[in-house]
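Student: Here's the letter readout for the chains.
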Amino acid sequence: DSGVTQTPKHLITATGQRVTLRCSPRSGDLSVYWYQQSLDQGLQFLIHYYNGEERAKGNILERFSAQQFPDLHSELNLSSLELGDSALYFCASSTTGYNEQFFGPGTRLTVL
Amino acid sequence: AQSVAQPEDQVNVAEGNPLTVKCTYSVSGNPYLFWYVQYPNRGLQFLLKYITGDNLVKGSYGFEAEFNKSQTSFHLKKPSALVSDSALYFCAVRDWMGTDKLIFGTGTRLQVFP
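Chains as they are written, first to last, in the numbering used here: chain H, 1 to 112; chain F, 113 to 226.
Warning: the hint list may mix true and false statements.
To give a feel for the contact side, a few chain F residues facing chain H, derived at Cβ under 7 Å [unchecked claim]:
no. : residue
1   : L156
2   : K161
3   : F216
4   : T218
I should point out that these hints are in silico values taken from the structure, not numbers from a laboratory.
Just so it is clear, CB atoms sit at the ideal spot from N, CA and C, and this is done for glycine as well.
Input sequences plus hints: build the corresponding full structure.
Tutor: Rendered as structure tokens:
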């Protein structure tokens, strides 16, 4: 158990819908990262938050957004969902950018 | 641009034999390298990292990795494989371009046969 929690574990929804994925980092970790894992793209970085502020964006679509709250949990919002958004979404946390990132169990999103 | 390459999609090894999962890297600056393992329907678990210091890094579950600067490699090794080591292994490098993100390889599936 990494100490990073993600909810829900599975999410099945329809095209055009909007979903919210939630992540709670390990106690004390200020950095939260979101990654997407798909068969064709592999593991791709989406976005990084540090202590409530956005630090960096990766290959994140404009339909996707995220935020980190004062209690350090983070949410990833995916809207206008398309079939191609079906993937595993991981959240990871770390103390600093120099340390290893600890990953949550992921949310498997299926868009029908 | 930083990158890592895992040249083997799959590695097969018999239980009790040594295993090696290969990774090469391309970075500007000092490489911060990581190995993660992913079991089916699970998240990625951290195995070990190289930041600086000894070229042989020891990690979890008996795994170790050898950093070789001249060959720009960071191969994962274990002296004696277990069937339970069968999983998907990812090599990653920390991005130095201001994002702190991990850049992952494509993964290598390790299959350990009894």
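Student: It remains to establish, for every hint, whether it holds in the given structure.
Tutor: Hint by hint, here is what the structure shows:
Interface hint at L156/F: satisfied, since its Cβ lies 4 Å from the closest Cβ of chain H, which is below the 7 Å cut-off. At a threshold of 7 Å, the smallest CB-CB gap from K161/F to chain H is about 5 Å, leaving the interface hint in force. The criterion of a C-beta within 7 Å of any C-beta in chain H is met by F216/F, whose closest approach is roughly 4 Å, and the hint holds. About 5 Å separates the beta-carbon of T218/F from the nearest beta-carbon of chain H, less than 7 Å, and the hint is met.
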